[in-house]
Every structure is written in C-alpha cells, then in structure tokens.
Amino acid sequence: MKKLLSGNEALALGAYNAGLKLAAAYPGTPSTEIMENLARFPDINTQWSSNEAVAVEVATGASYTGVRALAAMKHVGLNVAADAFMAASTTGVKGGLVIVVADDPGIHSSQNEQDTRHYARLSKMPVLEPSNSQEAYDFMALAFELSEHFDTPVILRSTTRVSHSSSLVETSAEKQPAAQAAFKHDTAKLVMVPTAARVRWPKVLKREELIGEYAENCPCNQYIPGNAKLGIISSGIAFQYAKEVFPEASFLKLGMTYPLPKNLIKEFSQSVETIFVVEELDSVLEDSLCRMGISVIGKKYIPRSGELNPDIIWAAAIKAGILPEIKDTLPKINTPDFPKRPPLLCAGCPHTGIFFTLSTLGQRSALPGKPKREPKLVLSGDIGCYTLGAYPPLSAMDTCGCMGGSISQAVGMEKAGLGEPVIAIIGDSTFMHSGINGLINAVYNQSKITILILDNRTTAMTGHQGNPGCGIAANGQTVTEVNLEELVRGAGIKNLQVLPAFDLKALRNGLKNAISSGELNVIIVRGECNVICRKRSLPNTIDTSLCNRCDACLLLGCPAIQRDGDKLFIDPGLCTGSNCNLCSQVCPQKAIKTNEAA
Amino acid sequence: MKKFGILIVGVGGQGVILASNILCDAAMAAGYDVKKTDTLGMAQRGGSVVSHLRFDKEVSSPLIPQGQTDLIIAFEKLEAARYMEYLGKQTKAVINDMAMPPASISLGIAEYPSDAEILEGYKQMGIKADFIAANQAVKELGNAKMLNIYLLGYAASYLPFDHEILAGAIKKRLPPKLLEGNLKAFAAGYAASR
Ligand code: SF4
Ligand code: SF4
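Going line by line, the protein sequences match chains A and B.
One point on numbering: in the UniProt record's numbering, the residue at position 61 of the first sequence is 61, and numbering is uninterrupted.
One point on numbering: in the UniProt record's numbering, the residue at position 144 of the second sequence is 144, and numbering is uninterrupted.
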C-alpha cells in the first residue's frame with residue numbers, strides 16, 4: 001500500500017513492522033515524532049526516558065533479553081548518551097538494537113550543528129542514511145537485520161530534511177512478530193570487566209571489517225549508471241538534491257556511510273572522469289576517499305556548514321567548472337531587509353511573568369525614551385521554550401549552552417568569585433533530564449546561587465510530551481508523578497519556595513528574598529503551559545481613554561498586545577484573559593480591563 | 001507536465017501545515033509522486049512558517065529550487081515577500097491581504113513594510129498577485145479558523161488537477177463536525193477566484 005509519510009513516521013512504521021518490542025527516547029527536534037508515532041502502537045513498550053543516556057541504556061537492556069529495541073534522539077542527545085552508546089558497541093547485542101539519531105543541518109532548532117557520522121568511526125558501528133521516507137522505512141528493517149547478524153548496534157542517521165519531509169512509501173502488509181524476552185547468562189559478553197573487555201574489543205574491530213565486506217554488496221549502496229564524465233558520490237538528502245541538479249550523471253549513492261564499500265568505490269571512481277562528492281555538513285566521505293588515494297572534488301566548493309539545497313549544489317558545480325554558467329534569466333530582485341519574525345513565548349505563557357520580573361529587577365529593558373542601563377544579575381539559562389526569554393523585550397538570559405547546564409554553570413560563576421547574584425533558570429523537563437545532577441552538585445559544594453525551576457507541567461518546546469514530573473507516559477497514560485518539591489528537598493535544599501506563575505507581586509517578593517538571603521535557594525515557579533491548559537476565560541481589553549501609551553505592558557512581550565497606529569489593543573484570539581492577567585498587573589493607568597467569566 | 005512547486009507561507013498558528021498536508025493528499029490522489037517539507041522556526045510559537053510542496057511523475061528534492069515555484073499561497077502579507085528568491089515569472093500568487101506585525105514592530109524597533117515594498121519584487125518579476133481579503137470573507141462565513149481552507153479554495157483554480165480532488169482531500173482530513181463549514185469556506189474561496 002502507498003502512503004504519504006514523513007521520514008519520522010516511516011521510521012516508526014518500519015520499526016513496528018520489523019517486530020520492534022521496546023522504544024525509548026528523549027524528545028528533541030527533529031527526532032521527536034519517531035517516538036510519538038511508535039507510542040500509538042499498543043503492542044510496543046514505549047517510554048520517554050529522562051535523558052538520552054537513559055534511553056540508550058533502557059534499549060540496550062531490552063536487547064540483552066533478545067527482543068528488538070530502539071532508542072531515538074537528536075544529534076546533541078547522542079553527546080549525552082555517548083558513554084552508554086560506546087558501552088553498547090562493546091558488548092554488542094542479543095536482539096537487534098537500533099539507535100536513531102537525527103542531525104539538524106542549518107540549526108533550525110538546536111544549539112549547534114554536528115555530524116553524527118563521526119560517532120560511527122569512534123564506536124565502530126555501521127551507519128545507515130536514508131534519503132527519503134521510503135528508505136527510512138526500508139532501512140529500519142535492514143538495520144535490525146544487520147544488528148542481529150553482526151552483533152552490533154546500528155546507527156540510523158536522519159537529518160531534519162529527511163525526518164520532516166513527506167514522500168510516498170510502499171509499505172508491506174506484513175508485520176514480523178516480536179521476539180519473547182529471555183535472558184541467557186553470558187558474562188564474557190555482557191560484563192565488561194577489563195579481562196572480558198580485552199577479549200571483546202578485537203571482536204569489535206573484526207566486526208567492523210566484516211561489515212565493510214558486506215557493504216560491498218549491500219543493496220542500500222547503489223550504483224546508478226549515467227554519463228561517464230561526471231560521477232557523484234553522495235548520501236542522505238544530499239543525494240536527492242544532487243539528483244535534481246545532475247540528472248544525467250553517474251551516481252554512487254551510499255545508504256551505508258560507515259564502514260565504506262572500498263572496492264565498490266574504487267570501481268566507481270575508475271568508471272568516471274571526475275568525482276564530485278556531495279555531502280551535507282562535514283567532509284566525512286571525502287576524507288575517507290582521499291585516504292584511499294582517490295582524488296575528488298567536494299568541500300572546496302560545497303559549504304561545510306548549513307543545510308544544503310539544489311541551489312547551493314548548482315552554484316558549487318558552476319564554481320567547480322562542472323556545470324556551465326547559465327545566463328540568469330531571473331531578474332535580480334532587490335527587496336528591502338524585511339523585519340524578522342522570531343518565535344515568541346505564547347500569549348498567556350507561564351514563563352512570561354518570571355522573565356518580566358527578572359527583566360525589571362535585572363534592568364534588562366527600558367521604557368521608550370528612558371536610557372538603557374547596565375544589566376544587573378547574571379542569568380544562567382537552559383534549553384526549552386523559556387530560552388525564548390532571551391529575546392527582547394525580556395532579554396532575560398545571559399547563557400544557554402546545553403541541556404541541564406544552567407545550574408552547574410551558575411555554580412561555576414559563583415565559585416569563580418562573581419560579585420553579582422547568579423540565578424540559574426531551568427524548565428521542569430530539563431531539570432528531570434540532567435539539571436538534577438547540577439542541583440545535587442550545588443548542594444554538595446555549598447553554592448550560594450538561586451535556582452529557578454519553571455514548572456509548566458510539560459515538555460513544551462518539542463510539542464508537549466510528558467516528563468517524570470507531570471505523570472503522563474509516552475502513550476498518554478497517567479502514571480505516578482515524581483514530586484518536584486520532595487525531590488528538591490530530598491537533595492538537601494532548605495530554602496524552597498513555590499510561587500504562582502501569574503502573580504507578579506509574589507514573584508517579585510519571592511525572588512528578592514531569595515537573592516538577598518545570600519543562601520542556596522530554589523524557587524519553583526508553577527503555572528500550566530497555556531497551550532495545554534484547559535481553563536479558558538474571556539480576553540482582556542484596553543480602555544483607550546485611560547491608556548496614555550506609556551508602553552509598560554509591551555515590556556511583557558506578550559504577542560496578544562499589539563499596536564494599531566497610535567493605539568494599543570489586545571488580540572482577542574490570542575489573549576487568555578484571567579488565566580493570565582499579567583498585563584493588568586503591569587499597567588500603571590489601570591487601563592487594562594479583565595472580563596472574568598467565560 | 002514539468003514539476004509543479006507550491007510554496008505556502010504564513011505565521012505559526014495560521015493553519016499553514018494543515019493546508020499543505022491537504023494539498024499533498026490531493027496531489028497524491030491525482031496520481032502524482034509527491035514530496036513536501038515544512039520549515040518552522042525554533043518552535044511553532046508565532047514564528048515564520050514555510051512549506052514546500054512538489055509533485056510530478058517523479059520528484060527528488062523536496063525543496064523547491066530558486067525560481068521554480070508555480071504557486072505561492074501567502075497567509076500573511078509580510079511573509080509573502082520573505083521568500084522572493086523561490087518565485088519566477090510563471091508564479092501565480094494568492095496573497096491574504098492581512099498584516100500580522102512581528103513583535104519588533106509593536107515595540108517600535110522596526111517598521112511594517114508598505115504594500116508597495118512588499119510587492120516590489122513581484123512587480124520586478126512581472127507576477128500579478130491576487131490580493132484577497134480572506135480574513136474578512138471567513139469572518140462573514142462565521143469562523144476565523146477556516147482561513148486556510150478558504151485560501152485553498154481560492155488557489156484551487158491554479159492547480160493542474162480538478163478542484164473536486166482537493167475538496168475530496170479536505171473531506172478525508174477534517175473531522176466530520178468541522179466539515180460542513182469548511183466545505184462552504186472552500187466553495188466560497190473557489191467562487192471568489194472565478
Ligand atoms: S508552549 Fe507553553 S511554555 Fe512554551 S511558550 Fe507557549 S505557553 Fe509558554
Ligand atoms: S492577559 Fe494580558 S499578558 Fe496575558 S495573554 Fe492576555 S494580553 Fe497577554
């Protein structure tokens with residue numbers, strides 16, 4: 001049957017049909033939908049793990065019982081999981097183990113750009129790279145077979161454009177039955193004490209060689225004959241772009257990019273005059289070909305960073321002299337620099353109040369006409385919706401690097417001897433992911449910082465997945481909540497306040513007290529994410545006869561408050577009214593009216 | 001037929017993605033190979049959204065190459081102007097005559113461009129855009145949420161397959177209780193384009 005599926009949907013369906021028994025993931029764009037789609041199948045055991053290392057460990061454990069298992073994450077998640085990931089490579093598997101990693105070339109939604117293929121070399125695991133949804137579906141089955149046949153975890157690498165584009169997929173009607181879990185004691189393989197590991201590692205190296213031999217005939221590596229003048233070597237979505245630009249050329253399309261089919265590559269290189277390597281991100285293929293003594297052109301013309309597209313490849317080919325310069329038939333258009341439209345905290349977001357408080361106490365924003373001041377307070381940030389608090393007008397975040405880093409970095413700043421108060425800001429989901437390690441460290445090392453845990457009861461940024469603190473499992477079931485207050489107290493925190501997210505006075509007082517105490521402090525700011533909140537009430541309105549355009553309300557950065565010529569108004573379609581009411585607390589003229597009952 | 005490329009642009013929350021999913025279903029029902037891809041800002045929180053959709057006997061790149069858009073459907077004026085490099089002389093343009101100023105404009109850091117500025121590129125390229133008051137039209141129909149379907153209705157006459165196929169795709173995607181109103185919006189949009 002033919003279906004239109006996104007790459008992530010195809011990966012999920014492919015795994016299901018291959019007899020998957022367990023899947024574990026931490027949400028992260030562009031990988032999130034893999035788990036969301038798997039969780040729809042009641043016969044697969046699915047979980048949002050608290051972080052990616054946990055996800056790989058859970059999947060590895062399942063594999064040890066002989067069932068097929070999968071862990072999914074985004075590229076930066078693999079950094080978190082690196083230790084567990086290397087361990088899985090060393091022991092190998094029992095049931096098939098696939099680790100899906102989705103890279104984000106062009107940094108659509110990440111803190112950096114990195115090429116997961118490097119991890120293959122490090123771990124000696126094979127990497128499969130689908131270039132469309134059909135391959136995403138087919139390669140998943142292949143990955144499980146390879147995993148079991150060669151006793152290795154397999155990396156299935158996707159990229160944003162593969163994960164998030166949809167194309168037609170011919171799916172099979174049959175589903176392989178899932179294996180029954182059974183554990184066979186095998187300490188030589190599964191207990192990696194040095195004596196055992198020393199035996200195991202040469203096997204891993206041998207395994208790599210064998211997979212390389214297999215790669216020569218693997219159906220996922222395709223020779224597509226064409227014009228002998230130009231040979232393109234490519235993989236993943238870059239292949240699709242290259243195909244668009246060079247419809248006549250010969251192609252070696254690599255579905256497995258590690259280990260490489262060396263003979264196949266040599267044969268191909270002898271059959272064409274010029275070889276152009278078209279790959280997204282790093283020169284992984286190109287470097288390997290160079291080491292094989294094959295001369296190619298590639299990254300000299302194709303950028304090492306950012307997402308590729310047909311136009312970039314086109315331009316590179318012209319520069320390299322492979323394609324003739326075309327007389328541009330399109331007029332060169334000079335359009336003005338249009339104002340950007342960055343994402344914002346939603347209207348009614350429970351993070352707005354605390355960021356506004358941080359912004360005012362920290363002298364971050366100024367009313368129109370008032371001079372800008374030197375910011376006070378150092379705000380150590382983390383990853384989630386609340387990172388959007390870094391944009392003006394709130395401008396209330398000074399650092400943001402990696403998941404769970406805010407608390408530890410804040411401790412570092414304080415211990416370095418910073419005179420100013422340091423405040424760490426982290427969301428509930430990120431706290432459960434790895435922020436808790438920082439908290440434990442802060443207690444242990446007697447830090448004096450203030451930690452804000454913004455608890456909106458969900459993992460909002462990636463699309464509202466559950467996390468251990470909100471008690472909603474991957475399949476939507478209600479499960480035991482991990483109690484944040486008790487967890488924080490249990491770690492040894494004495495100064496704990498829980499503040500309502502929409503009460504500006506309480507937030508201001510609470511924050512001032514915490515800072516002035518000079519002690520280690522945790523404040524949980526609690527308020528439900530507006531997107532999943534069920535309570536609704538009538539929108540607020542601005543009485544223009546009272547409004548004197550002081551613009552204080554605009555400093556909230558609420559997208560519902562807009563300007564029409566000289567007048568301010570509230571967009572009734574966006575405002576969440578008395579659920580929020582932040583603007584009416586800010587307005588010094590009392591011009592913003594609440595309209596209670598809905 | 002040469003590959004048909006459709007660019008749908010708008011602001012997060014306007015229903016761009018649903019519209020492009022429906023168009024995909026329709027192109028598939030019309031017997032084409034279809035590829036589509038959406039680009040969203042960091043999250044869908046009110047940022048700029050663009051969806052690329054291509055269909056033909058066979059499609060390789062899901063991204064439309066520069067100049068090869070056959071139809072652009074813009075849900076918001078400023079967004080209509082942002083993706084100019086994808087447009088070409090052959091492009092048909094359906095633009096919702098509506099401004100949603102980004103935050104920088106409310107804050108007075110930036111200015112919303114004038115209609116002339118927005119259309120300057122279209123003018124240079126020789127594209128005659130249809131400026132339509134879609135928000136007004138759906139308000140009159142009684143539901144602002146039907147904006148995307150109204151715009152699809154309007155754009156239907158620019159597609160290389162029958163508008164009934166598109167109506168069929170809408171029936172498959174939407175829940176029954178929303179169907180009647182949306183089909184009315186679709187028909188109204190289609191009628192407005194004729
Ligand atoms: S999704 Fe929720 S948490 Fe994220 S910005 Fe919107 S209201 Fe705030
Ligand atoms: S009450 Fe005010 S701040 Fe809250 S969503 Fe409505 S307009 Fe925005």
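Calculated directly from the structure, the hints in this document are not laboratory data.
Any given hint could be a false lead.
As the list claims (entries may be wrong) - Below, computed lysine-lysine pairings styled on PhoX-like, alpha-carbon distance capped at 20 Å:
#1 K139/B with K77/B
#2 K139/B with K3/A
#3 K332/A with K92/B
#4 K171/B with K145/B
#5 K57/B with K3/A
#6 K2/A with K57/B
#7 K332/A with K177/B
#8 K145/B with K128/B
#9 K505/A with K593/A
#10 K3/A with K172/B
#11 K535/A with K567/A
#12 K128/B with K332/A
#13 K3/B with K92/B
#14 K123/B with K332/A
#15 K415/A with K376/A
#16 K340/A with K77/B
#17 K89/B with K3/B
#18 K535/A with K494/A
#19 K123/B with K2/A
#20 K139/B with K177/B
Claimed, not checked - A few chain A residues that face chain B, going by a derived Cβ cut-off under 10 Å, partial list only:
#21 P336
#22 G417
#23 L418
#24 G419
#25 M461
#26 L568
#27 L574
Every residue gets a Cβ at the ideal spot worked out from N, C-alpha and C, and that includes glycine.
Exercise for review: List, from low to high, the hint numbers that the structure doesn't satisfy.
Suggested key: 2, 7, 8, 11, 18, 19, 22, 23 and 24
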